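Top to bottom, those sequences are chains A and B.
As numbered in the working numbering, residues 159 to 279 make up the first sequence, in order.
As numbered in the working numbering, residues 1147 to 1257 make up the second sequence, in order.
Take these hints with a grain of salt, some might be off.
[As the list claims (entries may be wrong)] Pairs of lysine-lysine residues, derived as DSS-like cross-links and limited to a Cα-Cα distance of at most 30 Å, are as follows:
(1) Lys169/A - Lys1188/B
(2) Lys169/A - Lys215/A
(3) Lys1183/B - Lys1203/B
(4) Lys215/A - Lys1168/B
(5) Lys215/A - Lys1214/B
(6) Lys215/A - Lys1188/B
(7) Lys215/A - Lys1183/B
(8) Lys1214/B - Lys229/A
(9) Lys1214/B - Lys172/A
(10) Lys215/A - Lys1217/B
(11) Lys1183/B - Lys169/A
Calculated from the structure, these hints are not laboratory results.
Bear in mind that the values here come from a model prediction, so they are computed numbers and not experimental data.
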Amino acid sequence: DTGVSQDPRHKITKRGQNVTFRCDPISEHNRLYWYRQTLGQGPEFLTYFQNEAQLEKSRLLSDRFSAERPKGSFSTLEIQRTEQGDSAMYLCASSLAGTGVWGSSGANVLTFGAGSRLTVL
Amino acid sequence: GENVEQHPSTLSVQEGDSAVIKCTYSDSASNYFPWYKQELGKRPQLIIDIRSNVGEKKDQRIAVTLNKTAKHFSLHITETQPEDSAVYFCAAAFQGGKLIFGQGTELSVKP
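Next up, chain B with everything else stripped away, as it sits in the complex (with noise of 0.2 Å):
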């Protein structure tokens, strides 16, 4: 099936410290896993993607991890700041191009 879990659903930590979320999905996934940021009453944004020939990708404060044998990934986001409260969405492209998300990770960054 097409499946994404991401853990935890909600994530609180202090200003400054790291936070991490994890994603796994299942066996029909291709090549892309893309994050998207979405503050309350917006829209979902990206802010970071990673393709199956890479393992790492950083950008300044955020970086994604991929482990394609695993079949995991995850953004670690550092130095984190009361802007980067929201919730976040993984997600994973599956057969013919569709994006299927997991079911978010409410961050607090708490001042």
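With the rest of the complex left out, here is chain A (with noise of 0.2 Å):
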């Protein structure tokens, strides 16, 4: 195991299309985050899984776009109808949640991906 995988790690499309991103987390991790970066920004919270369930989904997201994560071990994000704003780094992570104390023991500690860089024209 050498980590988050992303793939595409670049994915170039036309404003309609559909896309779908595939996170593989770390094997042991339960948690799965998936974060949006544009330049000069910090990484955007879009959802989480713990395990298959899908825990929170940020407001700010727009109906066209949907993660899921099956069978608790690699997620899918998917974006309908894409936008040139949709243009950004789409990160995942993942974590072992852990109980107590945030961090403790390297729990809940979120190790990322390389991302996938959708350019949408």
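Using the hints, put the two standalone chains together into the complex.
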């Protein structure tokens, strides 16, 4: 296991097309997060899962965005009817949810993937 | 709401000087405040974190301080080196376990 993997690394699409990104987390991690990052900005929270359950989805997220983690392992993020404003880096991160204080014994520490860069023409 | 504010957005220092980056967070943040470093074209990497039961934590040239009363925390880098040049992000954990990130600080260390 070499860390969090994301595929594809780059995607160029035309406005109105659908795109799907895949994230494979660190195998023992039960939490998986999706973030979006644009140039000069911090990662913006989109959604996260614990095992297969989607715990929260950002209220800023359009209905065109959907994420799944069907078997509690890999996750997919789909964007339907893409718009130019969707152009960004989509980052996936995973962690091992722990009990008690955040960060103790490495629990809840996020490890990021390299990201999937989306360009919508 | 869930919000983290980070300042400054850019910081330029001479090699060997210290650099300080500050963040404030909204009321609902819980107990965990990590800092990430992102080099150009690379993924964010955790460099240090602090939990709310401590006020300061050091790791070689890097330290983080936390003031829960004032709801702010800071990253301190001493004896800066050119390889410290990167974008630094603070973050805070909120209800349910998600991390919210600040806007980032682009640090430039001039040799």
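Comparing the hints with the structure gives:
1. Lys169/A - Lys1188/B: holds (17 Å)
2. Lys169/A - Lys215/A: Satisfied, since the Cα-Cα distance of roughly 23 Å is no more than 30 Å.
3. Lys1183/B - Lys1203/B: holds (17 Å)
4. Lys215/A - Lys1168/B: holds (28 Å)
5. Lys215/A - Lys1214/B: Answer holds: Lys215/A to Lys1214/B is near 27 Å, not above 30 Å.
6. Lys215/A - Lys1188/B: The hint holds at about 25 Å.
7. Lys215/A - Lys1183/B: Measuring from Cα to Cα gives roughly 25 Å; hence the hint holds.
8. Lys1214/B - Lys229/A: violated (39 Å)
9. Lys1214/B - Lys172/A: violated (47 Å)
10. Lys215/A - Lys1217/B: holds (25 Å)
11. Lys1183/B - Lys169/A: holds (25 Å)
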